[in-house]
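Protein chains: 2
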Amino acid sequence: MANDESQSTSFSAERYFATQLPPASLEADVAQVREWVQRQQEANRQVVLVTSGGTTVPLELNVVRFLDNFSAGTRGATSAEYFLKAGYAVIFMHRQFSLQPFSRHYSHSTHPFLDFLDVDDVADIQVKAAERPQLIEVLKTYKRVQGAGTLHMLTFVTVNDYLWLLRAISKELYPLGRNAMFYLAAAVSDFFLPRQKMSEHKIQSGKGSLHIEMDQVPKILKPLVTEWTRGGYIVSFKLETEDALLIPKARAALARYGHQVVIGNELHTRKYQVVFVSPATGKPAQTESGGDSDSSKFSESWLRIDLAADPTKEIEEDIVAELVRRHRVWSGSGLSSQPAA
Amino acid sequence: MANDESQSTSFSAERYFATQLPPASLEADVAQVREWVQRQQEANRQVVLVTSGGTTVPLELNVVRFLDNFSAGTRGATSAEYFLKAGYAVIFMHRQFSLQPFSRHYSHSTHPFLDFLDVDDVADIQVKAAERPQLIEVLKTYKRVQGAGTLHMLTFVTVNDYLWLLRAISKELYPLGRNAMFYLAAAVSDFFLPRQKMSEHKIQSGKGSLHIEMDQVPKILKPLVTEWTRGGYIVSFKLETEDALLIPKARAALARYGHQVVIGNELHTRKYQVVFVSPATGKPAQTESGGDSDSSKFSESWLRIDLAADPTKEIEEDIVAELVRRHRVWSGSGLSSQPAA
Chain A
7 MANDESQSTS FSAERYFATQ LPPASLEADV AQVREWVQRQ QEANRQVVLV TSGGTTVPLE
67 LNVVRFLDNF SAGTRGATSA EYFLKAGYAV IFMHRQFSLQ PFSRHYSHST HPFLDFLDVD
127 DVADIQVKAA ERPQLIEVLK TYKRVQGAGT LHMLTFVTVN DYLWLLRAIS KELYPLGRNA
187 MFYLAAAVSD FFLPRQKMSE HKIQSGKGSL HIEMDQVPKI LKPLVTEWTR GGYIVSFKLE
247 TEDALLIPKA RAALARYGHQ VVIGNELHTR KYQVVFVSPA TGKPAQTESG GDSDSSKFSE
307 SWLRIDLAAD PTKEIEEDIV AELVRRHRVW SGSGLSSQPA A
Chain B
7 MANDESQSTS FSAERYFATQ LPPASLEADV AQVREWVQRQ QEANRQVVLV TSGGTTVPLE
67 LNVVRFLDNF SAGTRGATSA EYFLKAGYAV IFMHRQFSLQ PFSRHYSHST HPFLDFLDVD
127 DVADIQVKAA ERPQLIEVLK TYKRVQGAGT LHMLTFVTVN DYLWLLRAIS KELYPLGRNA
187 MFYLAAAVSD FFLPRQKMSE HKIQSGKGSL HIEMDQVPKI LKPLVTEWTR GGYIVSFKLE
247 TEDALLIPKA RAALARYGHQ VVIGNELHTR KYQVVFVSPA TGKPAQTESG GDSDSSKFSE
307 SWLRIDLAAD PTKEIEEDIV AELVRRHRVW SGSGLSSQPA A
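Protein chains in written order, with this note's numbering: chain A, 7 to 347; chain B, 7 to 347.
Excised from the complex, chain A in its bound form (with noise of 0.2 Å):
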């Protein structure tokens, strides 16, 4: 396995756009959230897209195999939370099959529902006492959140998939503004296999071994923040397994889309440490050339929490309490105003 620079085929969103498909719900999904972003900006609401979840990448056009991005979705499903808490309304754009907001507390893997309900012999059904406390408040709140219509739920299961839809969302959300936040914590492929090249049926297996050859997926985070938003607050992550590649790839990504934050985030550490790096004038950091990467234009502060403490607190209460910090400054410092209701 090798990336072959020589064989590099790097596709523009452009062109992505202009060659591969849009999912068949893309049109019906998009007018669900038109009126859904009309009734938040009626109530004055700020808005986070949250996405969440890996994306796969079909081998066949009638799929069997696909790659996919390690992600059980909770960075996201746990985040969306916090948004709802903090006043925001969410669109949570997640994987399908992935963990949502309030039910990821009970997945059925780590702490089935079906255990905590008791029948009894006149088939009547009880919630075991244990439980009650915390299931009452996660339905309360699901059920407040359900009553305001604050959250909007839209799912993707492949790179492509996901592609369209943040394009299409990022544009129904260009009325807002700066009170507009982008929350990409999906994890998405960095390579696809364009429709033409797909094999339509499964591949046969028994003729020896398996070669894959993948095109780069397009940097999407380009075209968000030049053309698609109108002064987004754009929050993007790193996931890396070194350490040490952590800020320095941050700091590539911001010199090259000018966006406002990149949270770094170490595979085994993600759950008790991250590293917000941003431009250090709260300019963005883009430059002409793109992947300047001199530290003196960047700022980094690292967020940790005590899990041995409290191990029940998470870290995204605080990552969600930073970038509320953050946005305010940002949506309250001018150049857009508060849209028309």
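No copy labels: a pair is met if it fits in one copy or bridges any two.
Below 27 Å or equal to it, Euclidean Cα-Cα: the simulated BS3-like pairs (lysine-lysine) are: (1) Lys146 / Lys134; (2) Lys225 / Lys208; (3) Lys228 / Lys208; (4) Lys255 / Lys208; (5) Lys319 / Lys91; (6) Lys91 / Lys146; (7) Lys208 / Lys277; (8) Lys277 / Lys319; (9) Lys203 / Lys255; (10) Lys303 / Lys225; (11) Lys149 / Lys134; (12) Lys319 / Lys146; (13) Lys177 / Lys91; (14) Lys277 / Lys91; (15) Lys255 / Lys228; (16) Lys255 / Lys225.
No lab work stands behind these hints: they were computed from the structure.
We have chain A; now place chain B onto it with these hints.
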């Protein structure tokens, strides 16, 4: 993407287990299975090993990306329930987070349980009336199975976990002889990346396209049939996206491995039709040369259900009923007698 005959790198099962590492939890898992199997023997129960869900092939040792096989685990989870109903003790060896018996009725995506609970002002939790009858039935069955101890759960993630577990569990079922059934519904990768070829850290993008070259997974049915079991009734599955391949590939598998039945299913029709392919004589169809698929040596019988007439009907009910019937004939037909309790 292509299969390259010239570079065939097929591992024998022996070479596989000699060069790849067992999962860390293997010993503990096997010890639990051993105790459980002994209890089932004492209770004189037939035992079925149900495998379910897809296996992953990690591309990195610190895994961020992986190849996966499409499978929610519906076939396996549903079948496990019907085997339990038929009096079998079930080892449910499934992909972590895939569907499980009983809780499958309340997937957090398709039928989220939070939606059928109400909470009132005095913080009392009620199950909505419309949901009560089904929930009561599911709960009662679930509690009965828990009480009887007839369902044992095991999880895997990677194809490596799967192969080590399958071998180890098969050996634990050896004493059951013909009273054991193997219902191999998991979607197992045909390819893997040997540990020795994996990159340690996340593969970096930005350097061009991705090339992956994988080796073939050993054909594990061969040692399962000839070494690891003593007359166990072995059911394998073939999933294809081309109808025309279904029967030839099922016959080829029977000829090659000499087991009892292949259930063929096509990706788009698998919820309402499958085909049972078996040796015509009731004897193994294995040939000296392997790969013999002379049609007179095989019998096929299609199983179809009419979902328009009964949308709640599950084809697994009929699949399991047919297998239980065949297994009764098989285990009553001599060779291996009931093991001593």
